[in-house]
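Protein sequence lines correspond, in order, to chains A and B. Heads up, the first sequence is in my numbering, so the first residue is 12 and it goes up one at a time. Heads up, the second sequence is in my numbering, so the first residue is 256 and it goes up one at a time.
I should point out that these hints are in silico values taken from the structure, not numbers from a laboratory. Treat the hints with care, as some may be off.
As the list claims (entries may be wrong) - Cβ pair distances, simulated, as ranges:
hint: 1; chain 1: B; residue 1: N290; chain 2: A; residue 2: A76; range: 19 to 27 Å
hint: 2; chain 1: B; residue 1: Q316; chain 2: A; residue 2: Y27; range: 44 to 52 Å
hint: 3; chain 1: B; residue 1: L423; chain 2: A; residue 2: A76; range: 31 to 39 Å
hint: 4; chain 1: B; residue 1: V470; chain 2: A; residue 2: G40; range: 50 to 58 Å
hint: 5; chain 1: B; residue 1: L423; chain 2: A; residue 2: R185; range: 20 to 28 Å
hint: 6; chain 1: A; residue 1: R238; chain 2: B; residue 2: A370; range: 53 to 61 Å
hint: 7; chain 1: B; residue 1: R269; chain 2: A; residue 2: D26; range: 21 to 29 Å
hint: 8; chain 1: B; residue 1: V439; chain 2: A; residue 2: A18; range: 25 to 33 Å
hint: 9; chain 1: B; residue 1: V489; chain 2: A; residue 2: E224; range: 29 to 37 Å
hint: 10; chain 1: A; residue 1: D132; chain 2: B; residue 2: R284; range: 34 to 42 Å
hint: 11; chain 1: B; residue 1: Q316; chain 2: A; residue 2: L138; range: 27 to 35 Å
hint: 12; chain 1: B; residue 1: R269; chain 2: A; residue 2: T209; range: 53 to 61 Å
Unchecked claim - Just so you have them, the derived chain B footprint on chain A, three or more residues with Cβ under 8 Å:
hint: 13; region: 109 to 121
hint: 14; region: 167 to 179
hint: 15; region: 221 to 229
All C-beta atoms, glycine included, are put in the ideal place defined by N, C-alpha and C.
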Amino acid sequence: MNPVQVAGVWKYYGDYPALRDISFEVQPGACMALLGRNGAGKTTLLRIVAGLARPTRGGVSVCGAECRNRATRHSIGILGHGISLYDELSAFENLHLFARVYGLAEPRRAAMEWLERTGLDRVRDGLVREFSRGMRQRLAVARAFLHEPSVLLLDEPFTALDDRAIALLQTLLRDALAGGRSIVVSTHQLREALELATHVALLVRGRLAHTGERTAEMLEDAGWLYRHYGEA
Amino acid sequence: MAVPALRGSVSFLRQSFTIASKDLRAELRTKEALNASVAFALVILLLFSFAFEPTEVETRQISGGLLWLVFAFAGALILNRSFARELANDCLDALVAAPISGAALFLGKAVANLALLVAVELVCLPVFGVFYNVPWTLQFWPLMLVVLLGTWGLTVVGTMFSALTVNLRLRELMLPMLVYPIMVPGLLAAVQLTTPLVMGQPLAADLMPWLRLLVAFDVIFTALALALVETVLVR
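Just chain A, same shape as in the assembly:
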């Protein structure tokens, strides 16, 4: 069974269908690039897969179970638009908090290990509100990877990242894929996403216009997919 299965998902906001009959699967060790213009439904779809929103119709299963299942949530790592960190807490306190919420056996050790991996161990006691934007983003990456999730859901992960954070994230994502984890990444930054992706899904106004393997044409010409399957 594939780690991510989306079957016939519809989502209405009032009368407006934000998602219309979306179905796809992501295999172990595969990265699905979720592409589409603003308002296509990428964030809504990722929120449903993450269990942050309920579909109006259809279903999502992650690692073979319903995505709001507590055990399933252990296996999901999410990096959204916001950094999801508390400004009033230190870098260590933030990671320690999430390590405890995820029920890790050694929360202090896990927090310290990820502070070192993201190069933030020297500022472990600094408050997040005093961090530069790049430091905050690296800490957010650490938070998303802290519990070693088997499915990673990333919403515009490269937006506003500095070069160091992009390099760190790309290394972590390549390691994750090599380790057999599954990734769903929504982005406008086609080149970074297509370099990483094994599969693509193009959303146009809430419909899945194309889904399949990433091809050489897509990699050579980032606009190829939009020209062939998107709207003019």
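Knowing the structure of chain A, use the given hints to seat chain B on it.
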């Protein structure tokens, strides 16, 4: 069968404690809600003392009501911040996506709010005693019991509606409008029990129905909130 249930309960309480300590730590660092609430409560107590003659018997007879009005108004400032604090940086999404039950998240937040509200009330009570010339310490422990029961009711209802209104633009206005009507039975019981206690009189047998009402209010709304909060958080 009993061991997994016990393990589940310990995990639930541990996660609630983690959330409560996070909220308290964050609030004690910024003191945003705490300072506003204490200042607001003291100002109302002062203004009420100008409006009512403290030596009048009638004033003492409504002292319980005045005290709970102060607690309810000042408490709204703390309760409003409870889930609104999670909006910055989309922290609420990270918590809802994590393997923590909505009930554990709610309980942690409610316990942190209770601690903050009780801290505000402990500052208010001596000031109230001086301004209104009442011997509030004579029945200290029964008064503390009533204050804790009433505050827990206010906290549970307020924390639940804080979660419900967190994404509304007018949440500062909506929270009191939703909370106060629902709080009427709880506040009524707390007022009836507080008035004799702050005047130094023990709880008489005829007040026991009010105590039972207050306990029942707390139990019912705690159970309802724990059961419904998951639905409120994931839409």
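Has the hinted range 50 to 58 Å been met by the Cβ atoms of V470 of chain B and G40 of chain A?
-> holds, 56 Å
Okay, V489 of chain B versus E224 of chain A on CB: inside 29 to 37 Å?
-> At 33 Å between Cβs, range holds.
Hint says 53 to 61 Å; check whether the CB-CB distance for R269 of chain B and T209 of chain A agrees.
-> With a Cβ separation near 39 Å, R269 of chain B and T209 of chain A fall outside 53 to 61 Å, so the hint is violated.
Please test the hint of 21 to 29 Å on the beta carbon pair from R269 of chain B and D26 of chain A.
-> violated, 44 Å
Indicate whether the distance between the beta carbons of N290 of chain B and A76 of chain A respects the range 19 to 27 Å.
-> violated, 45 Å
Is it true that the C-beta distance of V439 of chain B to A18 of chain A lies inside 25 to 33 Å, as the hint says?
-> At 47 Å between Cβs, range violated.
Check, residue by residue, whether the region 167 to 179 of chain A contains three or more positions whose beta-carbon lies closer than 8 Å to a beta-carbon of chain B, and give the verdict.
-> violated (count 0)
Test coverage of the region 109 to 121 of chain A by chain B using CB-CB distances below 8 Å; three residues minimum.
-> holds (count 5)
Between Q316 of chain B and Y27 of chain A, does the beta-carbon spacing fit 44 to 52 Å?
-> For Y27 of chain A against Q316 of chain B, whose Cβ atoms are near 57 Å apart, the range 44 to 52 Å is violated.
Is the gap between the beta carbons of Q316 of chain B and L138 of chain A within 27 to 35 Å?
-> Given a distance of about 49 Å, which is not inside 27 to 35 Å, the answer is violated.
Look at the Cβ atoms of L423 of chain B and R185 of chain A and judge whether their distance stays inside 20 to 28 Å.
-> violated, 42 Å
State, for the Cβ atoms of L423 of chain B and A76 of chain A, whether the hinted interval 31 to 39 Å holds or is violated.
-> Holds, at about 33 Å.
Of the numbered hints given earlier, the model fails hints 1, 2, 5, 7, 8, 10, 11, 12, 14 and 15; all others are met.
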